[in-house]
Amino acid sequence: MDTIKTTLGKLSTDFLDSLSITHENLIFKIGTFVFIVVAFVILFYYLRKTSIISNTLQDTYNDMIYKNMMLNKGGKKLLKKDGFWEKWIKLYTYSRIDKIFTFLTPELWLAIIIMFGLFVFLVSLIFIKDFSLNVILGIVAAGLLIFCEMMLSMSNYQKVDKDLIQFLNMLGSYSLTAQEVTATFRKVARFMNDPLRTVLIECYEEARTSGKPEEALNNMAAKIEHPQFHEIIKNVEIAINYDADFTTVVKSNRQILQNYMSSKQERKALASDGMVNMFVMALALIGCVYFMGQLLGIDIWAELFGSLIGRIALIIEAICFLAMFWKIYTVNKS
Numbered sequence: 088m089d090t091i092k093t094t095l096g097k098l099s100t101d102f103l104d105s106l107s108i109t110h111e112n113l114i115f116k117i118g119t120f121v122f123i124v125v126a127f128v129i130l131f132y133y134l135r136k137t138s139i140i141s142n143t144l145q146d147t148y149n150d151m152i153y154k155n156m157m158l159n160k161g162g163k164k165l166l167k168k169d170g171f172w173e174k175w176i177k178l179y180t181y182s183r184i185d186k187i188f189t190f191l192t193p194e195l196w197l198a199i200i201i202m203f204g205l206f207v208f209l210v211s212l213i214f215i216k217d218f219s220l221n222v223i224l225g226i227v228a229a230g231l232l233i234f235c236e237m238m239l240s241m242s243n244y245q246k247v248d249k250d251l252i253q254f255l256n257m258l259g260s261y262s263l264t265a266q267e268v269t270a271t272f273r274k275v276a277r278f279m280n281d282p283l284r285t286v287l288i289e290c291y292e293e294a295r296t297s298g299k300p301e302e303a304l305n306n307m308a309a310k311i312e313h314p315q316f317h318e319i320i321k322n323v324e325i326a327i328n329y330d331a332d333f334t335t336v337v338k339s340n341r342q343i344l345q346n347y348m349s350s351k352q353e354r355k356a357l358a359s360d361g362m363v364n365m366f367v368m369a370l371a372l373i374g375c376v377y378f379m380g381q382l383l384g385i386d387i388w389a390e391l392f393g394s395l396i397g398r399i400a401l402i403i404e405a406i407c408f409l410a411m412f413w414k415i416y417t418v419n420k421s
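Residue numbers (my numbering): 88 to 421.
No lab work stands behind these hints: they were computed from the structure.
All figures in this text were calculated on a predicted structure; none of them were measured in a lab.
One or more of the hints may lead you astray.
[Said to hold, decoys possible] Straight-line C-alpha distance at most 20 angstroms; calculated EDC-like pairs for lysine to aspartate or glutamate: (1) 174 - 236; (2) 338 - 324; (3) 351 - 248; (4) 355 - 324; (5) 414 - 404; (6) 299 - 289; (7) 310 - 236; (8) 177 - 217; (9) 310 - 289; (10) 186 - 217; (11) 299 - 281; (12) 338 - 248; (13) 414 - 353; (14) 249 - 318; (15) 246 - 185.
[What the hints assert, rightly or not] For each label pair, taking beta carbons as the anchor points, the in silico distance ranges come out as: (16) 374 - 343: 28 to 38 angstroms; (17) 246 - 212: 48 to 58 angstroms; (18) 292 - 174: 26 to 36 angstroms; (19) 321 - 189: 40 to 50 angstroms; (20) 292 - 392: 19 to 29 angstroms; (21) 369 - 214: 17 to 27 angstroms; (22) 246 - 405: 47 to 57 angstroms; (23) 321 - 392: 27 to 37 angstroms; (24) 321 - 187: 36 to 46 angstroms; (25) 214 - 345: 54 to 64 angstroms; (26) 197 - 408: 36 to 46 angstroms.
Ideal Cβ placement from N, Cα and C applies to all residues, glycine included.
Turn these sequences into a full structure, and let the hints steer you where they fit.
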């Protein structure tokens with residue numbers, strides 16, 4: 088009985104000691120709280136200044152109107168959203184990572200990402216005796232591979248973006264008929280850069296072997312992540328089906344594409360400014376944290392990574408930067 092009382096007394100004493108607030112801890116916790124509040128104020132000011140929230144709400148409202156219109160027209164199939172696996176396949180296809188590592192498949196690539204995150208988690212267990220931090224390191228490691236895949240997808244998007252005008256001009260320089268479209272793609276392909284060059288040649292080969300140019304065009308469009316390219320291919324397909332004048336198709340798409348490029352330059356400038364601001368905020372954040380630790384005479388990094396409040400602050404900041412990055416990423420691909 089005495090042993091139990093002694094043990095409970097010791098546990099209660101240790102618990103109270105852990106809750107005791109020293110002068111340094113009080114200053115640190117107040118400073119951390121003030122820092123989090125200021126960070127949130129800056130974030131909401133940024134969101135208000137850039138009208139991200141209002142634009143998002145307006146886009147949501149427009150999307151709801153469109154969905155209601157589709158439902159009224161009986162277009163329920165158009166409302167089917169892509170699930171996780173469909174989105175994963177699209178990202179994998181658009182990144183064209185299988186052209187770099189030819190042995191990859193979507194399933195194998197997903198397994199590699201999971202195994203890499205697990206590997207980093209297990210290795211970190213050897214050096215860091217903190218389970219929650221080990222889990223975070225494993226998630227970050229897996230996230231880095233997905234980040235690289237997203238950057239490849241964005242790079243391919245930008246390459247297609249640069250080649251679209253030339254692609255249209257080259258198509259316009261040929262007197263096309265329905266039978267000559269995919270054959271012309273092979274001629275045009277040598278003036279293009281990857282990934283457009285590769286998909287044009289693949290489209291020609293598929294149309295030649297299968298004898299189905301419309302299906303080859305659809306398969307080619309599915310390999311490229313660019314709305315304007317999809318629009319061009321759709322109009323070409325319509326022209327094939329109805330024996331329309333390809334010169335008219337090229338001229339109309341060229342005008343649409345020029346308007347798209349001019350508006351894209353404005354969005355790109357805003358995205359560049361946002362990227363610069365994000366890096367400036369990151370550097371300012373690191374500097375503030377470092378000097379706060381120097382002023383308080385404590386190991387600020389140990390407090391941030393080792394204490395609950397510090398980890399909450401890091402998670403909040405990470406979420407803010409991820410949200411900003413995602414906004415810039417989507418602007419560059421719109």
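Results of checking the hints against the structure:
Restraint check for residue 174 and residue 236: satisfied, since their Cα atoms lie roughly 13 angstroms apart, inside the 20 angstroms limit. This hinted pair checks out: residue 338 and residue 324 have alpha carbons roughly 16 angstroms apart, not beyond 20 angstroms. At roughly 10 angstroms between alpha-carbon atoms, residue 351 and residue 248 fall within 20 angstroms of each other, so this suggested pair holds. As the CA atoms of residue 355 and residue 324 are separated by approximately 31 angstroms, the hinted pair breaks the 20 angstroms bound.
Under the criterion of a C-alpha separation no larger than 20 angstroms, the hint pairing residue 414 with residue 404 is consistent with the structure, at around 16 angstroms. Taking the CA atoms of residue 299 and residue 289, the gap is about 13 angstroms. The hint holds against a cut of 20 angstroms. Between residue 310 and residue 236, the direct Cα distance comes to roughly 15 angstroms. Compliance with the 20 angstroms bound is thereby established for this hinted pair. Restraint check for residue 177 and residue 217: the C-alpha separation of about 36 angstroms exceeds 20 angstroms, so the hint is violated.
Between residue 310 and residue 289 the alpha-carbon distance is near 10 angstroms, which keeps this suggested pair within the 20 angstroms criterion. About 39 angstroms separates the Cα atoms of residue 186 and residue 217, which puts this hinted pair outside 20 angstroms; it is violated. Restraint check for residue 299 and residue 281: not satisfied, since their Cα atoms lie roughly 24 angstroms apart, outside the 20 angstroms limit. With a C-alpha separation of about 18 angstroms, the suggested pairing of residue 338 with residue 248 holds against the 20 angstroms cut-off.
A threshold of 20 angstroms between alpha carbons decides the hint, and for residue 414 with residue 353 the separation of about 15 angstroms falls inside it, so the pair holds. Our distance criterion of 20 angstroms between C-alpha atoms is met by residue 249 and residue 318, whose separation comes to about 16 angstroms. Using a Cα cut-off of 20 angstroms, the hinted pair residue 246 and residue 185 holds, with the two alpha carbons roughly 17 angstroms apart. Against the hinted window of 28 to 38 angstroms, the Cβ-Cβ separation of residue 374 and residue 343 comes to about 47 angstroms, which falls outside the hint.
As the Cβ distance of residue 246 to residue 212 is approximately 41 angstroms, the hint placing it in 48 to 58 angstroms is violated. Range check, residue 292 to residue 174: Cβ separation about 28 angstroms, and the 26 to 36 angstroms hint holds. Range check, residue 321 to residue 189: Cβ separation about 30 angstroms, and the 40 to 50 angstroms hint is violated. Checked against the given bound of 19 to 29 angstroms, the beta carbons of residue 292 and residue 392, roughly 54 angstroms apart, lie outside it.
Taking the beta carbon of each, residue 369 and residue 214 are about 26 angstroms apart, inside 17 to 27 angstroms as hinted. A beta carbon spacing of about 30 angstroms between residue 246 and residue 405 contradicts the range 47 to 57 angstroms that was offered as a hint. In this structure the supplied range 27 to 37 angstroms is violated for residue 321 paired with residue 392, their Cβ-Cβ distance being about 52 angstroms. Distance hint check for residue 321 and residue 187: the Cβ-Cβ separation is about 29 angstroms, which falls outside the suggested range of 36 to 46 angstroms.
Hint check: residue 214 to residue 345, Cβ distance near 56 angstroms, so the stated range 54 to 64 angstroms holds. A hinted range of 36 to 46 angstroms is violated for the C-beta pair residue 197 and residue 408, which are about 25 angstroms apart.
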